[in-house]
Amino acid sequence: MKLVVYVMTKTELLDSFLHELQENKIKGATILNSTGMARKLIESDDMNFIGSLKSLFDKPRKESYVILMAVAEEKVPVIYQIIDNVCGSLEEPNMGIVFTLPIDDIKGCNC
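Numbering of the sequence shown is given in the numbering used here, commencing with residue 1 and proceeding in unit increments.
Everything labelled a hint here was simulated from the structure, so no lab data went into it.
Keep in mind that the hints are not guaranteed to be accurate.
[As the list claims (entries may be wrong)] In silico SDA-like links for lysine to any residue, alpha-carbon gap of 20 Å or less:
no., residue 1, residue 2
1, Lys27, Ile106
2, Lys10, Leu32
3, Lys25, Asp15
4, Lys75, Thr35
5, Lys75, Gly108
6, Lys25, Asp84
7, Lys27, Thr100
8, Lys2, Leu18
9, Lys2, Gly28
10, Lys75, Asn24
11, Lys27, Ala72
12, Lys75, Cys109
13, Lys25, Glu91
14, Lys2, Glu92
15, Lys27, Glu91
16, Lys27, Val7
17, Lys2, Glu20
18, Lys2, Asn94
19, Lys107, Val7
20, Lys27, Asn94
21, Lys75, Ala29
22, Lys27, Asp84
23, Lys107, Asp84
24, Lys75, Val98
25, Lys75, His19
26, Lys10, Asn85
27, Lys107, Ala29
28, Lys2, Ile26
29, Lys2, Lys27
30, Lys107, Ala72
[To be verified] Derived DEER-like restraints, expressed as beta-carbon distance ranges:
no., residue 1, residue 2, range
31, Asp15, Asp105, 19 to 25 Å
32, Glu12, Lys107, 31 to 37 Å
33, Gly108, Val66, 26 to 32 Å
34, Val66, Pro102, 27 to 33 Å
35, Thr30, Gln81, 26 to 32 Å
36, Pro93, Asn33, 29 to 35 Å
37, Ser16, Asn110, 20 to 26 Å
38, Glu12, Asp105, 31 to 37 Å
Computed from a predicted model, the values in this text were never measured in an experiment.
From the three backbone atoms N, C-alpha and C, an ideal C-beta is built for every residue, glycine too.
Working from the sequences, and respecting the hints, build out all of it.
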């Protein structure tokens with residue numbers, strides 16, 4: 001088993017992403033609202049010297065989603081393909097990140 005952690009920056013694509021997961025028989029995902037560290041530092045009044053970093057961001061993005069999925073290991077490449085197809089290549093800047101962690105023990109999952 002693997003825990004897939006996907007930070008989705010194109011939040012408007014969430015519904016399409018979830019429908020594709022469902023179509024591929026991947027059920028169960030936990031979705032958390034999140035904000036990146038750089039974004040919070042830029043917004044902070046105490047960090048005026050960080051203000052010059054604003055120019056590094058193409059578009060203002062207030063939040064992203066962290067999507068957690070406990071899946072069988074063979075589903076990981078399917079999820080990566082869905083991300084590429086629906087959300088775009090993570091090789092492009094500011095497109096998010098995805099990684100996996102091993103799950104040694106799990107209860108209450110219909111994965």
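Tested hints:
{"no.": "1", "hint": "Lys27 - Ile106", "result": "holds, 15 Å"}
{"no.": "2", "hint": "Lys10 - Leu32", "result": "holds, 14 Å"}
{"no.": "3", "hint": "Lys25 - Asp15", "result": "holds, 15 Å"}
{"no.": "4", "hint": "Lys75 - Thr35", "result": "violated, 27 Å"}
{"no.": "5", "hint": "Lys75 - Gly108", "result": "holds, 18 Å"}
{"no.": "6", "hint": "Lys25 - Asp84", "result": "holds, 18 Å"}
{"no.": "7", "hint": "Lys27 - Thr100", "result": "holds, 17 Å"}
{"no.": "8", "hint": "Lys2 - Leu18", "result": "holds, 18 Å"}
{"no.": "9", "hint": "Lys2 - Gly28", "result": "holds, 13 Å"}
{"no.": "10", "hint": "Lys75 - Asn24", "result": "holds, 9 Å"}
{"no.": "11", "hint": "Lys27 - Ala72", "result": "holds, 11 Å"}
{"no.": "12", "hint": "Lys75 - Cys109", "result": "holds, 15 Å"}
{"no.": "13", "hint": "Lys25 - Glu91", "result": "violated, 26 Å"}
{"no.": "14", "hint": "Lys2 - Glu92", "result": "violated, 25 Å"}
{"no.": "15", "hint": "Lys27 - Glu91", "result": "violated, 26 Å"}
{"no.": "16", "hint": "Lys27 - Val7", "result": "holds, 18 Å"}
{"no.": "17", "hint": "Lys2 - Glu20", "result": "holds, 19 Å"}
{"no.": "18", "hint": "Lys2 - Asn94", "result": "violated, 25 Å"}
{"no.": "19", "hint": "Lys107 - Val7", "result": "violated, 24 Å"}
{"no.": "20", "hint": "Lys27 - Asn94", "result": "violated, 27 Å"}
{"no.": "21", "hint": "Lys75 - Ala29", "result": "holds, 13 Å"}
{"no.": "22", "hint": "Lys27 - Asp84", "result": "holds, 19 Å"}
{"no.": "23", "hint": "Lys107 - Asp84", "result": "violated, 30 Å"}
{"no.": "24", "hint": "Lys75 - Val98", "result": "holds, 14 Å"}
{"no.": "25", "hint": "Lys75 - His19", "result": "holds, 15 Å"}
{"no.": "26", "hint": "Lys10 - Asn85", "result": "holds, 13 Å"}
{"no.": "27", "hint": "Lys107 - Ala29", "result": "holds, 15 Å"}
{"no.": "28", "hint": "Lys2 - Ile26", "result": "holds, 13 Å"}
{"no.": "29", "hint": "Lys2 - Lys27", "result": "holds, 14 Å"}
{"no.": "30", "hint": "Lys107 - Ala72", "result": "holds, 14 Å"}
{"no.": "31", "hint": "Asp15 - Asp105: 19 to 25 Å", "result": "violated, 32 Å"}
{"no.": "32", "hint": "Glu12 - Lys107: 31 to 37 Å", "result": "holds, 34 Å"}
{"no.": "33", "hint": "Gly108 - Val66: 26 to 32 Å", "result": "violated, 20 Å"}
{"no.": "34", "hint": "Val66 - Pro102: 27 to 33 Å", "result": "violated, 18 Å"}
{"no.": "35", "hint": "Thr30 - Gln81: 26 to 32 Å", "result": "violated, 21 Å"}
{"no.": "36", "hint": "Pro93 - Asn33: 29 to 35 Å", "result": "violated, 22 Å"}
{"no.": "37", "hint": "Ser16 - Asn110: 20 to 26 Å", "result": "holds, 23 Å"}
{"no.": "38", "hint": "Glu12 - Asp105: 31 to 37 Å", "result": "holds, 36 Å"}
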